[in-house]
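Novice: Since the structure of chain D is provided, determine the placement of chain X on it from the hints.
Chains as they are written, first to last, in numbering that gives the first Met the number 0: chain D, 0 to 97; chain X, 0 to 190.
In case anyone wonders, no lab produced these hints; they're calculated from the structure.
For every residue, glycine included, the Cβ atom is placed at its ideal position computed from N, Cα and C.
Treat each hint with caution, since some may be false.
Stated by the list, open to error - With the C-beta cut set under 10 Å, the calculated list includes, among others, these residues of chain D facing chain X:
id, residue
1, Leu-7
2, Ala-27
3, Ile-36
4, Leu-37
5, Ile-44
6, Val-47
7, Ala-67
8, Leu-72
9, Met-84
Unchecked claim - Here are the simulated distance ranges between beta carbons:
id, chain 1, residue 1, chain 2, residue 2, range
10, X, Ile-136, D, Tyr-90, 21 to 27 Å
11, X, Glu-98, D, Arg-86, 26 to 32 Å
12, D, Leu-12, X, Leu-79, 19 to 25 Å
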Amino acid sequence: MTRSRHLLLAWGLLIALLAIEFGASFLALDRTARPLILIPAALMIAVVSVTFMELRRGPEAMRLFFAAGLLWLCILLGLGSLDPMTRINYYVLTTNLK
Amino acid sequence: MWLFLATEMLFFGPLFLAWIYSRHWNQQGFDAGAQQTELIIGTVNTIVLVTSSLIYTLGVSFIEAGDSRKLIQCCVGAWLLGLVFLWLKFGVEWRHDFERHLFPASDFAIDGPHRDGALLFFVFYFLGTAVHGLHMIVGLILVGWIIFRARRKEFSAGFYTPVSVVGLYWSFVDMVWIVLYPLIYLIGRGA
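Bound-form chain D, shown alone (with noise of 0.2 Å):
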């Protein structure tokens, strides 16, 4: 298959998941749930980097860089959503109790 048919699918592929993604934001999910609708766009991202980015036909150390700066960006956001995800509100009681 020649790289220009390569690249072809893989825009096809990216609009397909892009109608997933849309069509997802319609249905009537819980607002918790909702977050799922980020699921095709991870898999956008992962056929932008293969493809267009030439991720897969790259040195070792493209590969490498890109892993840490994956790494680091999950870090991040792992542990900054770590309290609101964990942190459990106790109300105060606010009327006089004399």
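Specialist: Quick look at chain X alone, frame taken from chain D:
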């Protein structure tokens, strides 16, 4: 270039973290804000940007085969689509947002119990799209520079490193938008 892109991932990271944090504490307000965004323009812009990335990458494959003329044609196509994106985003969508008083200021249009969450959403929206737009402008300058150099016959099948490097940046800007699109337009839409 990949090292630079790794730093760029971390540059956009806090923006995505801000979305997670703010939405977690203000889900209803955030979703009320998201429902005011222009879904059609956002979706068309996503298609435009993905297509622009495809066309530029086709240009890279043409110069790999030594076809400088087709590289220039692809770069011009990618550049024009980038311009269409910026026009739709800032010339049309932002203008509508300002007219509808959705800029987070004293005359903010959304009232009621979800006002604060919606305000936070639009802070994220304007900041995210502005920072992404700045990256787009830098990308357009770089693609223009590639066109200028290609017209002077500086690239061949033996030397096209700058073409590949600018292609990486252009696709990265595309990737950032692929994340911003659901965060802005989709997640709060059907809630």
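Novice: Against this structure, judge whether each hint is valid.
Specialist: The hints, checked one at a time:
1. Leu-7: Status holds, d = 7 Å.
2. Ala-27: Constraint on Ala-27(D) satisfied, holds at 6 Å.
3. Ile-36: holds (5 Å)
4. Leu-37: holds (6 Å)
5. Ile-44: Hint on Ile-44(D): holds, closest Cβ of chain X at ~5 Å, below 10 Å.
6. Val-47: holds (5 Å)
7. Ala-67: With Cβ-Cβ at 6 Å, under 10 Å, it holds.
8. Leu-72: With a minimum Cβ separation of about 5 Å from chain X (threshold 10 Å), the hint on Leu-72(D) holds.
9. Met-84: Hint holds; Met-84(D) Cβ to chain X Cβ min 7 Å, cut 10 Å.
10. Ile-136(X) <-> Tyr-90(D): 21 to 27 Å: violated (47 Å)
11. Glu-98(X) <-> Arg-86(D): 26 to 32 Å: Violated, at about 39 Å.
12. Leu-12(D) <-> Leu-79(X): 19 to 25 Å: Holds - the Cβ-Cβ distance for Leu-12(D) and Leu-79(X), about 24 Å, lies within 19 to 25 Å.
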